[in-house]
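4 protein chains.
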Amino acid sequence: MPELLYPLDSSKRFTDQKFVGHNRWHPDIPAAVTVRPGDEFRVHVREWFDGAIHNDDSADDVRNAPLSSVHCLSGPFAVEGAEPGDLLIVDILDIGPVPQEDSGPLAGQGWGYTGIFATDNGGGFLTEHFPDAYKAIWDFSGHTTTSRHIPGVKFTGIMHPGLMGTAPSADLLSTWNAREAALIATDPERVPPLALPPEPRDAILGSLTGPEFDRVAAEAARTAPPRENGGNQDIKNLTRGSRVFYPVFVDGAKLSVGDLHFSQGDGEITFCGAIEMGGFIDLRVDVIKNGMQLYGVTENAVFLPGNEGPVYSEWLAFSGTSVTLDGEQRYLDSQLAFERACLHAIDYLTNFGYSREQAYLLLGAAPIEGRFSGVVDIPNSCATVYIPTAIFDFPIAPTASGPVRIDPGIGAPRTAR
Amino acid sequence: MPELLYPLDSSKRFTDQKFVGHNRWHPDIPAAVTVRPGDEFRVHVREWFDGAIHNDDSADDVRNAPLSSVHCLSGPFAVEGAEPGDLLIVDILDIGPVPQEDSGPLAGQGWGYTGIFATDNGGGFLTEHFPDAYKAIWDFSGHTTTSRHIPGVKFTGIMHPGLMGTAPSADLLSTWNAREAALIATDPERVPPLALPPEPRDAILGSLTGPEFDRVAAEAARTAPPRENGGNQDIKNLTRGSRVFYPVFVDGAKLSVGDLHFSQGDGEITFCGAIEMGGFIDLRVDVIKNGMQLYGVTENAVFLPGNEGPVYSEWLAFSGTSVTLDGEQRYLDSQLAFERACLHAIDYLTNFGYSREQAYLLLGAAPIEGRFSGVVDIPNSCATVYIPTAIFDFPIAPTASGPVRIDPGIGAPRTAR
Amino acid sequence: MPELLYPLDSSKRFTDQKFVGHNRWHPDIPAAVTVRPGDEFRVHVREWFDGAIHNDDSADDVRNAPLSSVHCLSGPFAVEGAEPGDLLIVDILDIGPVPQEDSGPLAGQGWGYTGIFATDNGGGFLTEHFPDAYKAIWDFSGHTTTSRHIPGVKFTGIMHPGLMGTAPSADLLSTWNAREAALIATDPERVPPLALPPEPRDAILGSLTGPEFDRVAAEAARTAPPRENGGNQDIKNLTRGSRVFYPVFVDGAKLSVGDLHFSQGDGEITFCGAIEMGGFIDLRVDVIKNGMQLYGVTENAVFLPGNEGPVYSEWLAFSGTSVTLDGEQRYLDSQLAFERACLHAIDYLTNFGYSREQAYLLLGAAPIEGRFSGVVDIPNSCATVYIPTAIFDFPIAPTASGPVRIDPGIGAPRTAR
Amino acid sequence: MPELLYPLDSSKRFTDQKFVGHNRWHPDIPAAVTVRPGDEFRVHVREWFDGAIHNDDSADDVRNAPLSSVHCLSGPFAVEGAEPGDLLIVDILDIGPVPQEDSGPLAGQGWGYTGIFATDNGGGFLTEHFPDAYKAIWDFSGHTTTSRHIPGVKFTGIMHPGLMGTAPSADLLSTWNAREAALIATDPERVPPLALPPEPRDAILGSLTGPEFDRVAAEAARTAPPRENGGNQDIKNLTRGSRVFYPVFVDGAKLSVGDLHFSQGDGEITFCGAIEMGGFIDLRVDVIKNGMQLYGVTENAVFLPGNEGPVYSEWLAFSGTSVTLDGEQRYLDSQLAFERACLHAIDYLTNFGYSREQAYLLLGAAPIEGRFSGVVDIPNSCATVYIPTAIFDFPIAPTASGPVRIDPGIGAPRTAR
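Protein chains in written order, with numbering that gives the first Met the number 0: chain A, 0 to 416; chain B, 0 to 416; chain C, 0 to 416; chain D, 0 to 416.
So here's chain A without its partners, still in its complex pose:
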């Protein structure tokens, strides 16, 4: 309901809009809009690939997705009076797909997608096990969704922005670039890479032009990782009703937002694991003066999650420990333990007729929970993953009669490397 301060026209490309957004982090990207503390406003958001992924039955688009162009962010929004050292309060008042556009070429126009990215073009959590590109299309019906590529499931979306944050200061940006370059230097040829350095190609920097554009493009940080400013945190609980507190590093805070998700499992495990969509987000901003010192919050977001998500009473859970598939014992490695728990869940679901890729895509998109269960019991971390049983239209828990078999349908479209 709030005033639309940042419109996007669905018939035009992200770079041809009234306000041109950005796809890099830099303190010198000019604010597109200025708001005051207490203001409520609507922001249109483009899906992260600006329409490169289509509502069809091929994974070619995922195979060749233009990774240097992401994420299409709306903003920056300058907040009057916000100064470094403050905390920026951001209330997520509402969020949804593209209003009143029930079909169209853009994700968010009545549909969304989940992708498994090929190892040499993005990769993902389990890329060693899933090296090729796959895709699933999800159709929206109100707040619920189904997929022709993954039959037998239906669930309510817990919509959230995958990416939101404030602009880094010049110092903070330098810190990012330095530490990530140092990591890349340890294995520069790795596929997928260890990190993504600044990339002027395909950079979009708001209203910047000319030499200033070139300077900023050469310095600006990529948007893939979450960092001190929030960023691509992919926190599935940042739903409607959430209040987030971001550190302010530059005058005006310069808030940006993008990468809306219709739904996501904890971890967003398939890289493009959420159900990606464009749409709108209604925000309210406010400022806690000197909040970073008052509360000792100098980096990363603190937040009060919303309380409108669906509640599930029954879950089927899987556990994993930090032993590799080859049997090597690792030391307290929760990343590995979570990988093993997810693989257990995937293997389990194949007993019901799903392909491994369908199961993987489902775990990325459905509202599963991924938990740190034990992180101190040397040498094994224990991670657990919880799947709400109500999303399946068949019984999913183990019984003496064995698993039912569903018709997996046409399956998830695949394109090999």
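Calculated from the structure, these hints are not laboratory results. Be careful, since some hints might not be right.
A pair holds if it fits inside one copy or across any two, identical chains being indistinguishable in the list.
As the list claims (entries may be wrong) - Simulated crosslink set (SDA-like; lysine to any residue; CA at most 20 Å straight-line): (1) K17 to T118; (2) K17 to N63; (3) K153 to D90; (4) K17 to L342; (5) K153 to T398; (6) K153 to P394; (7) K153 to R283; (8) K153 to P1; (9) K153 to E313; (10) K11 to P65; (11) K288 to E100; (12) K17 to G109; (13) K153 to A396; (14) K288 to G401; (15) K11 to G109; (16) K288 to A399.
Got chain A; can you put chains B, C and D on it based on the hints?
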């Protein structure tokens, strides 16, 4: 209500009971009790240190805790007809502290404890930041608890067994010992160690005696880590009403249980992070013949968590990424990201008057949730930790007026290394 | 997102729209729109008084509200193939206030209202105790709301249609008119009346005109009561995600909807107790052929409520029994028991500084739960009312230190009879 | 865990115990035990009929149940320092069936019962439709229960005391007796009666004897109805973790408790609708001095319900209005509307194979919710009843394929009038 098949006398040591339990994993530890599929029965469980930790205001007992003696497990329980390849169904019917013993020297007799263990005697998740031993005592009142060492909080316990599992086969045991030895060999002098090898000293092996005791004691695996048989998973959601499916590796399955927790946060981050207690657990067992193949569950527990835990509507959450405190960028390391999120939460709580150790102990014991939020956004994993705001008797969310200050009381007892 | 099949222009009166709705029930009101089973579509809905209640600080509009003009319903929607004996499935896909109109003269344009109606113009549940007209205005911010007339509270709306249903058959309509006339005849002069007979004045009957209009206006049932066709059930749990099954009494089912509420307490106790608004509702319809017989559902709605409402973990509850305020013992009268429980809650809230009218208005509008607790313990029914404590920004439970006192602000506007 | 202050021996009758309880309300029944504010203690509680109902397949015991002997209450407990005008805080720390007695002749020893009482011996909510006596036995397994008399359902108990309260003052008792006598006088021969007058026969009055016994027995109020002192409120949400505030009418407050339920639906609609059991309850008491005036709570309990009950995400709901089965329109009668909603639910369940009596017994015992939905829409109240779908092991919602048919088994034992 079910028949008490495994009694413990609170006035006697763990080794002086009618049934002597065990504190190592080995296929040849004889079953203490045999039950049939469908049976319901009560099991008494001793707290993991058999009374070495006291209800007092000193951390000396934690400083010197006898780690080679843990965990005091009840069992094994042989289940008639269970064979390798089956899945063992274990229903947790009920669980609680020591019934009708409201005070006494054993944790579980109306009280429990949480400990931060010294780096050279156990360590813990954040041992680099908390090298000394600390302790908090929690008093039970029905299903709620408070601590004189951490004022201002009160919460409902979500009681669960930290450790439950089936006996490994001889092959599986060999695999464990081999892979853990290989890890230890990479840094044999490390403090705390990378893993714990078999340790005959302080081994308790049920009814075994003589040369058989010595053989088994030399081979048997330590109980600290979770492994393929379940074990010390510290899954805080294994509450009353849960149904767990364990792989069966030996005839009779040989189920054992121990390490009861009155409450725990996801991760059990202070090593002895839960509120430790002895007490009882009521179980029902059943068997899915050939279940390991039917459902592809060949390792680690699958489970349906109980639905009786308290529901919280409001949470304060913290996020962290895989950058070290020194600013080094690590690659998709969720263990580190969770560490950073927990440190953020600890730092935050100190603004209200808590010491860092009080905050750390609280996060281990209270029903916090630890989530994998982003595990694919190279190079930064994002982890989040959620604290229910209702456990505090003062407002805990950031506001423009700044944090209230509480009286931290006597604080958590400390004993330096 | 679905296609807008039933638009309303906020700048025009309800009777000047492309489709003119209706405010009476009759089988012969022509369908405005025809849809097919499986169709999803958006419907605009006008607030029940078509703008007669204003966003101001006077209750004059409530005092003089045009009760003969309600409820402004959108529809009827004919569903192809639906026949008497079928069940009509209605999925509530989404619902909200007037999109993108953040301010304006109509409830639903960024605000809503709750009213206590005067005894001689509407009355209400506690009209003997509250004979005068009062009003509270609620401002919307995303899915939350606050009121300048009731300070100290904020809550998340659980939006729902207060009124939805299918058209009655001619026989059913006759039954209604006969039984309600018989009731009125027992005390025809009562104020407020026992029921409302057909009223041609102010009748709106879709596209009907001329003699047919006059015939139908003389026969058509008022929309105030819930009846066999659903109707004004005021079920606060018919939120987004709900699936409702309505009996079909006429060809095409002829579904109509209206009386949207931003929030409501169980019972809608102040008559106009919900937060009234206009807005939109997205529906999906389907048909179960012969469903009335298949499931024995021949009257009143059966439904699966949505699962997106906020979850509250803490409630303060009040109880009442079927003894009148004068001390007269009634026999198992849950209506009275609920009245007494509500009065207890109102009295309680005045200890914190609220006026009785503020408390009454709050109980109508906030997501309170009203329960039948005991209906068999002769002679006293027991009813209970539950208030979520989190909606208050001050502590509301009894403690030894007594209630805090808030500033009740300007209070609720009043207009005496 | 707290000290057992009020033991009962399962092998002895209620009147042969160390402490003899009571089954009437009177200020002069002497306190059995005195406790202090802050004390925690365990109380044993006998099932309300002291063993008259058996674990068998006949309803003869229900047919002939000794109604003049109920309810067997434990207490009174005097609280030091509590005076008229105070509020008594009662925390329900824990509650359960008879510990460690898994089988036996008393309800609570591993089993419980639900009964439909014959019209001329108790009656019930729907006694006009169910005039004969029926019974269902429920077997307990941990916190879940199943019934051989109602197959296809399983649910988690939300255990609670059906009856708890403080002693009335002499004045309050007189008020009760006067107003109930006045009601009885309006139709003294009614079956079932409108209310129950004092009944010396079968009175149990603690330690009273001789003339004092006779005097008190002649005056003391029956325990069936809930009244100003709390009493038989049958509030199913008074579960573990609840805090109740009772008005204090006599020195010491004289708290009593009984009528434990393993589970109950809102309304306890079959009269003996809950799953009746004996067992234990752990309480903590405290006093708010002058609390009745401080908070304006002079009658009926105020309470904070516990938050440990199971959460259900999916419900099937039924609605009803205040029109009689004969088609007579009543004015805003929620008791009738709830009756109609319950009848709709019962009729619905018979489509799946249940008998009407099985359905009725189930609605009394399972954790259904009964809500006041609309109480102001003249002339029809609207009431709704919600059944959690997860309690059935077959799909219960309407679909195009029609209802599945279950085997109703042996059915519910019946004994005709």
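Structure-based check of all given hints:
no. : hint         : verdict
1   : K17 to T118  : neither (36 Å within a copy, 55 Å between copies)
2   : K17 to N63   : neither (28 Å within a copy, 48 Å between copies)
3   : K153 to D90  : between (29 Å within a copy, 14 Å between copies)
4   : K17 to L342  : neither (45 Å within a copy, 43 Å between copies)
5   : K153 to T398 : between (22 Å within a copy, 16 Å between copies)
6   : K153 to P394 : both (14 Å within a copy, 16 Å between copies)
7   : K153 to R283 : between (32 Å within a copy, 16 Å between copies)
8   : K153 to P1   : between (31 Å within a copy, 18 Å between copies)
9   : K153 to E313 : both (15 Å within a copy, 14 Å between copies)
10  : K11 to P65   : within (18 Å within a copy, 48 Å between copies)
11  : K288 to E100 : neither (40 Å within a copy, 32 Å between copies)
12  : K17 to G109  : neither (24 Å within a copy, 26 Å between copies)
13  : K153 to A396 : both (17 Å within a copy, 16 Å between copies)
14  : K288 to G401 : between (60 Å within a copy, 10 Å between copies)
15  : K11 to G109  : within (18 Å within a copy, 30 Å between copies)
16  : K288 to A399 : between (61 Å within a copy, 7 Å between copies)
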